[in-house]
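Quick note, the sequences are listed as chains A and B, same order.
Each residue of the first sequence is one higher than the one before, starting from 243 at the first, in this note's numbering.
Each residue of the second sequence is one higher than the one before, starting from 243 at the first, in this note's numbering.
Note that these hints are calculated values from the structure, not bench results.
We treat Cβ as the ideally placed atom computed from N, Cα and C, and that holds for glycine.
Hints are supplied without guarantee of correctness; some may be wrong.
[Claimed, not checked] Part of the chain B face toward chain A, derived, beta carbon under 8 Å: (1) R562; (2) K565; (3) T566; (4) V765; (5) Y770; (6) W773; (7) D780; (8) L782; (9) A869; (10) R897.
Protein chains: 2
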Amino acid sequence: MESRGWSQLWLDYESKFAASGVANGTERKIVIECSDFDRNNRVIKSAVSELNRAFADATKEVKISFVRNEKIAAQGYKVGNIIGGSLNKPQDGDGFIIEASDENGLLYGTFHLIREKLMGRDYPDISVSCAPSNPLRMMNHWDNMDGSIERGYSGRSFFYANDEIIVDDRTVDYARFMASIGINGIVINNVNVKWAATDLITTRFFDKVKELSDIFEDYGIKLYLSLNFAAPIELGGLPICDPLDEQVKQWWKNKIKEVYDHLPNLGGFLVKADSEGRPGPFTYGRTQADGANMLGDIIAPYGGIIIWRCFVYNCTQDWRDTKTDRARAGYDYFKGLDGQYHDNVILQIKNGPMDFQIREPISPLLGGLTQTNQMLEVQIAQEYTGHQIDLCYLIPMFKEILGFKTYCKSDNDTVADVVSGRTMGNKLAGMAAVINTGNDYNWTGNDLAAANLYGFGRLSFDTELSAEEIAREWVKLTFNLEQELEDKLVDMLLRSREIYEKYTSPLGIGWMVTPGDHYGPSVDGYEYSRWGTYHRADHLGLGVDRTDKGTGYAQQYYPQNAEMYNDPHKCPENLLLFFHHIPYTWKLSSGQSLIQYIYDSHFEGYEEARKLADEWKSFEGKVPERAYNCISHRFDLQVNNAHEWCDQVNSYFYRKSGIADEKGREIF
Amino acid sequence: MESRGWSQLWLDYESKFAASGVANGTERKIVIECSDFDRNNRVIKSAVSELNRAFADATKEVKISFVRNEKIAAQGYKVGNIIGGSLNKPQDGDGFIIEASDENGLLYGTFHLIREKLMGRDYPDISVSCAPSNPLRMMNHWDNMDGSIERGYSGRSFFYANDEIIVDDRTVDYARFMASIGINGIVINNVNVKWAATDLITTRFFDKVKELSDIFEDYGIKLYLSLNFAAPIELGGLPICDPLDEQVKQWWKNKIKEVYDHLPNLGGFLVKADSEGRPGPFTYGRTQADGANMLGDIIAPYGGIIIWRCFVYNCTQDWRDTKTDRARAGYDYFKGLDGQYHDNVILQIKNGPMDFQIREPISPLLGGLTQTNQMLEVQIAQEYTGHQIDLCYLIPMFKEILGFKTYCKSDNDTVADVVSGRTMGNKLAGMAAVINTGNDYNWTGNDLAAANLYGFGRLSFDTELSAEEIAREWVKLTFNLEQELEDKLVDMLLRSREIYEKYTSPLGIGWMVTPGDHYGPSVDGYEYSRWGTYHRADHLGLGVDRTDKGTGYAQQYYPQNAEMYNDPHKCPENLLLFFHHIPYTWKLSSGQSLIQYIYDSHFEGYEEARKLADEWKSFEGKVPERAYNCISHRFDLQVNNAHEWCDQVNSYFYRKSGIADEKGREIF
C-alpha cells in the first residue's frame with residue numbers, strides 16, 4: 243500500500259513499471275522539444291511533467307516534440323511516431339511528435355501517447371488525429387461543503403470538510419486524471435446550493451476557490467460553480483430574487499464582477515432552479531429563460547456561461563392523479579421557450595425524462611429544442627444503478643443514448659449530433675456527468691466503478707468509441723492482466739448493465755426502489771408518493787399509459803418516434819411498460835407472457851449476478867489484494883441485493899396477479 | 243401567555259381561579275394541621291405547598307388536617323370533609339381531613355382533594371378511600387442525552403440537551419404533575435442506552451442525577467435509570483459482559499456500590515437486553531434470567547430492583563420465512579425461565595406480542611408466567627397511533643388490556659389482577675408507560691394527547707376507573723367548558739381510538755405504516771423487511787395464520803383463549819387477521835365480505851376523522867387560543883393522514899383483489 247491515501251487509477255505508472263520489470267528510480271532520459279509552445283505555459287508544464295513521470299522507466303533517450311499545427315481543431319491533437327521507435331523499449335533517438343493548435347490539445351495528445359504506452363502497445367497505432375466530439379466535457383460534483391456527497395457512494399468529499407475547502411496533493415491528482423480523459427470543465431459543488439455553499443461566491447471562500455481553479459487551469463480545466471438562485475436574498479439581503487427586478491440585476495452585476503475579480507478563469511455557473519424545492523424564476527411569474535438570460539447577460543462580458551438544468555417538474559404530485567405525468571414536465575416547461583435563450587446560456591438536459599433509471603427513453607427535449615444550446619447530462623454516480631456496490635458499467639447505456647435518432651433533421655440528428663453542436667452548428671454544446679468520486683482510496687467505492695469515470699471522459703471526448711473499446715482501454719490501463727482475464731473482465735463489464743436491469747424493475751417501468759435511499763427493492767415504495775413515479779400495477783397488469791390515449795407523453799417526440807412509442811406492438815419491448823399499461827397475459831415477441839417475462843428475467847438476473855461474483859474469484863492474486871477484496875465484498879453485497887430484488891419483485895407480482903410461474907420455481 | 247415556557251396542564255390553578263372569577267393574589271387562608279406527620283418531611287412539604295397554591299383563592303379560612311391512619315394500605319388515602327364545608331366557597335372553619343399511613347398516601351390524598359376542587363365539585367364526593375391498584379406506577383422516558391427523544395412527538399427532551407442534564411423549574415412542575423396522577427417511579431433515559439447515557443452511572447453525571455432524584459423524591463417518586471448491559475466493556479474496559487463471569491460481577495458490584503453512594507434513593511435499573519441490536523446475556527450463551535438475576539443480586543442490598551424488558555425477538559427475520567413468528571418470541575424466550583427470576587427482578591411485558599399496534603391480542607406472557615414478578619408496559623407516546631397529531635385516546639385500549647381474562651387461575655385472572663400482584667400475591671408488580679412528553683409548551687405536542695398522560699397515571703393508580711370517568715376528569719381539570727362542550731369533548735376522546743383503527747390497518751393485522759417513521763400508510767412498507775411484521779396479502783386474501791396449522795402462536799394462550807383464537811369463527815373479528823389468513827370473500831358477522839369491510843371501514847374512518855375536525859371548530863373561543871390553534875392544525879393534518887390511509891389501503895386491496903367496492907365509491 244502506497245503511503246498516500248488514494249490510488250493512481252489509470253495513471254499508475256509505478257505498477258506498470260513494476261509489471262514490466264523496470265526498477266523504480268531509473269534516470270529519466272526524456273528530451274522534449276517545445277519551440278512552438280511556451281514552455282512556461284502552465285498546461286505545457288503539466289504535459290512535460292506528466293511525460294517525465296510516464297517515461298521514467300525509459301532506459302534510452304526518448305525525444306518528444308510538441309508541434310503547433312493550426313489546422314487541428316480546438317483541443318484536438320495528432321500523435322505520431324514519425325521519428326520512429328518503440329514506446330516501451332525505445333532506442334536512443336527514438337521519438338514521438340504531438341501536434342495541436344492549442345495547449346489543451348497538446349495535453350490531450352500527451353495523455354494519448356501515455357495511454358498507448360501504459361497499455362503496452364510497444365509499436366502502437368499512434369499515427370492518429372483526434373478532435374474532441376464535444377466542446378464541453380464536464381463533471382458535476384454533488385459535493386456539499388460539510389463533506390457529505392449527495393448520492394455519493396465513495397466516501398466523503400475530497401473538496402470539502404467541515405465547511406472548508408481542501409486543497410492538497412489529491413486535488414492535483416484529481417485534475418491530472420480528469421485531464422487525462424479529456425474533461426475540460428468541473429462544477430465543484432452540489433446543484434442543491436445550501437448553507438455554506440451559498441458563500442462560495444463571497445470573500446469567505448474566494449482564496450481557496452482560486453487555489454482550486456489554478457490547479458484545474460494547470461490541466462486545461464475550467465472551474466464552474468453551482469449557484470443559489472436566491473443568493474440576492476440570502477447573501478444580499480434583498481427581499482426578492484426576481485430576475486427581472488432592477489435591484490436584483492444590479493446585485494448580480496456587482497456580485498459577478500466581484501467573483502471575476504477574484505476568479506478570472508471561472509467557467510461560469512450551473513443553476514438548478516425551481517426544482518425539488520430550489521428557488522427560481524417561477525416564484526415571480528418569470529420563465530426559466532428570464533432567469534437564465536438575466537445571469538447570462540451579466541456574465542457575458544467575462545466570457546462566462548450559464549448552464550441551466552432542465553430538471554423541473556412537480557414533485558408534489560397526488561398519486562391519484564393519472565393525468566399529470568412527470569415525464570412530460572421537461573418538454574412542457576422548456577420547449578415553448580426554444581429560441582429565447584441567449585447565446586451564452588446552455589440547457590443541461592438529463593438523458594431521460596425521469597431521473598437516471600436503468601432504462602428510460604431519451605428525453606424528447608434533446609433535439610426537440612432546435613434553437614437552443616443544449617447539453618446532455620448523465621449520472622455516473624450510481625444512484626439508481628447499484629450505488630457502486632453492484633457492477634453496472636454504464637457506457638453501453640450512454641452509447642444507446644448518443645446513438646438515438648431524434649428525427650429533428652434529415653441527417654446529423656442523433657443525440658450525439660445534437661449535443662455536440664453538429665446538428666445546429668452551436669458552439670456551446672457538450673456532455674456532463676454527475677460524478678461518482680469520493681475520498682475512498684480507490685476514488686469510486688468499487689474499483690470497477692472507475693470504468694464509468696474513465697469511460698464517461700473518453701466517450702465525451704470521442705463519442706465514436708465503442709463501449710467495448712473503452713472498457714478494454716480501462717482494463718488494460720488499470721490492471722496488469724493476462725489476455726484471458728482481460729477478456730473476461732471486459733465481458734463482465736459489458737454484461738453488467740443488462741444483468742442489473744434484469745433483476746430490478748422490468749421493461750422500462752423504473753423505480754421500485756427503496757424510497758430516499760434508492761438502493762434495493764421496494765416495489766410499492768414510490769407508488770403512493772408525491773414524486774410522480776408510479777408503476778400502476780393492479781391484478782391485471784402494470785405500466786403507465788403515455789400514449790395519445792394516456793398522458794400523451796409519446797407525442798412529445800418527432801412523428802417517427804412518437805408513432806413507434808405510441809403503439810405497443812412497435813414500441814421497443816425494453817420500454818414497453820414505460821409507454822403502455824400492459825396485461826400480465828400480453829405476449830412478448832419471445833412468446834413469453836409479460837408475467838412470465840418478469841419471473842424469468844428476475845431469476846436470470848439473480849443467477850447472472852451470482853455468476854459475476856463467481857467469475858470474479860478467478861482474479862484473486864491477479865489484481866492488487868486491496869482491490870480484489872474490495873470488489874469481492876461488493877459482489878457479495880450485489881448477490882444479496884439481486885436475491886432480494888428477484889424474490890420481492892416476483893413475489894409482489896405473483897401475489898398481485900395470482901398467475902403461477904410456468905417453471906414452478908419458488909416464489910413467496 | 244404565561245412568561246414560563248410550559249403549560250400547567252391539569253393543575254392550572256390560575257386559569258381555574260380566573261374562570262370562577264377570583265382575583266389572583268388573594269391572601270391565603272389555609273391552615274394545615276399536621277401533628278401526625280413530620281412537617282419537615284420533603285413529601286409533606288410538597289403537599290402543604292400544593293394546598294397553598296390550590297386554595298390561594300379561598301376567601302375564608304380553610305382547615306386541612308393530615309391524619310396518620312395505619313389501617314390504610316401503603317400509598318393509599320382517605321379524604322373526607324368531616325369538618326364540613328365547601329371546597330370552592332368555604333366558610334370560616336370549614337375543613338377537610340386527609341388520612342394515610344405514609345407520606346405518599348398523604349400526597350395522593352392531597353391531590354385528590356385538589357382535583358375535586360378544580361373540577362368544581364363544591365360539595366364533592368370526598369368521603370372516599372383509595373388504595374393504589376398497582377405497587378409500581380411508572381413512566382419510561384425514551385429521552386436521549388443529545389436532547390432528542392426516540393419516538394418523541396412533543397419537541398425535545400426537557401431532561402437533556404447537548405449531553406448535559408437540565409434541572410430547572412420545569413423539572414419541578416413535571417414532578418408535581420406526575421405525583422398528582424399517582425406516578426411513583428420514573429426512568430429518565432431511553433432503554434436504548436448509548437453514547438453519553440452510558441455515563442449516567444459515572445461521576446460525570448452523578449451530581450446532576452442526584453438533583454433530579456431529589457426533586458422527584460420531594461414528590462414521592464423514585465428515579466430509575468436504563469442500563470447499558472455492556473457497561474463492563476464500555477465503561478470498565480473489560481473484554482466481555484458475560485453475567486456469569488466473576489470479573490464482570492465484581493465490576494458491577496463496585497459500580498452499583500458507587501452508584502448508591504451517590505444516589506441513595508435510586509429505585510433501580512431498567513434493562514433492554516438482546517433486543518434490536520442491544521447487548522445482552524445471549525452473546526455469552528446465558529439466559530435472560532442469568533442476566534437479570536446477576537444484577538438483581540448485586541442491587542438487592544441497596545433495596546433496588548431490576549426491571550427486565552421482555553421485548554426480545556429476531557429482528558433480522560427473512561420475510562420469506564413463514565415459520566418464524568415474531569409474535570411467539572416473548573413467550574418462547576421467557577416462559578421456560580418462569581420461576582427462575584429472583585425476588586427483586588420484575589419482567590416488563592408489552593401489552594401485545596408485537597409492538598404497540600392500534601389493535602393486538604394480549605401478550606400470552608401476561609399470566610402465562612405464574613411464578614415471576616411481571617408488569618405491564620404500554621405506550622402513550624403515539625408511535626403507531628398517530629404521533630400525537632391524530633387524536634387517539636388510548637385509555638379504552640388499556641381498559642381492554644386490563645380486563646382481559648387470561649384464565650391463569652379460576653379467579654383474579656385478568657391482566658389487571660396479574661400485573662397488580664393480586665393473582666400471585668407478588669409485592670413487585672405494576673404498570674409502566676412509554677411517556678409522550680417533550681419540551682413543547684403543552685408537554686404533549688397535541689394538547690389533547692395530555693389525556694393519555696393523565697389517563698395512564700390515574701388508571702395505573704386505580705384500574706377500576708372507566709375510560710369515560712378518566713376522560714371527563716381530564717377535560718374538567720384542563721378546560722373550563724360548559725356542559726355541552728365538555729360532553730362533546732369526552733365523546734370525541736372516547737370515539738377516537740376506534741376511528742384511528744378504522745382508517746389504518748384492518749382487523750388486527752397492524753403495521754402497514756411508513757417504515758422507520760411509523761406515521762402514515764405504506765401497505766407493503768414492512769412486507770419484505772427483516773422485522774417480522776407481515777400481512778401476507780395476495781390476490782385471494784390476507785392475514786397471518788397463527789393457528790395450530792400456522793405458526794402455533796395461538797397455542798401460547800391458556801386453552802379457553804387458545805381455542806377461541808384458533809378458530810376463525812370464534813376469534814374476535816377485530817383480531818381476525820392477526821390470527822388467520824382470510825379470503826377477501828369471507829363473510830363477517832355483519833354480512834359484509836372481508837374486502838367490503840376493508841373498504842367500508844376505511845371510508846368511514848376517514849369520514850369520522852373529518853367529523854372530529856369539524857366538531858373541534860365549535861371549541862373556538864372556548865379553550866385558550868393557543869391550544870385551539872395547535873389542536874386545529876393537528877386535526878387538519880389528521881384529516882390528510884386519514885385520507886391517505888383510506889385511499890392507499892383501499893387502492894392497494896382493490897388493485898390486488900380486483901374486487902370492486904359494492905357502493906361504487908372512488909378507489910384508485
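Cross-check of the supplied hints:
A least Cβ separation of about 5 Å between B/R562 and chain A falls short of the 8 Å threshold, and the interface hint therefore holds. With its C-beta approaching chain A no nearer than about 13 Å, B/K565 sits outside the 8 Å limit, and its interface hint is violated. Below 8 Å, beta-carbon pairs count as interface contacts, and B/T566 has none with chain A, the closest being about 13 Å; its hint is therefore violated. Using the Cβ-Cβ criterion of 8 Å, the hint placing B/V765 at the interface with chain A is satisfied: the shortest such distance is roughly 7 Å.
Proximity of B/Y770 to chain A holds as hinted, the smallest CB-CB distance being about 5 Å (cut-off 8 Å). Given the 8 Å rule on beta carbons, the hint for B/W773 is violated: about 14 Å separates it from the nearest Cβ of chain A. Because the closest C-beta pair between B/D780 and chain A is about 4 Å apart, less than 8 Å, the hint holds. Contact between B/L782 and chain A, as hinted, is supported at the beta carbon level, the nearest pair being about 7 Å apart and thus within 8 Å.
The interface hint given for B/A869 is violated, since its Cβ lies 30 Å from the closest Cβ of chain A, which is over the 8 Å cut-off. Given hint, B/R897 at the interface with chain A, holds; its Cβ is 4 Å from that chain's nearest Cβ, closer than 8 Å.
Checked against the numbered hints above, the structure violates hints 2, 3, 6 and 9; every other hint is satisfied.
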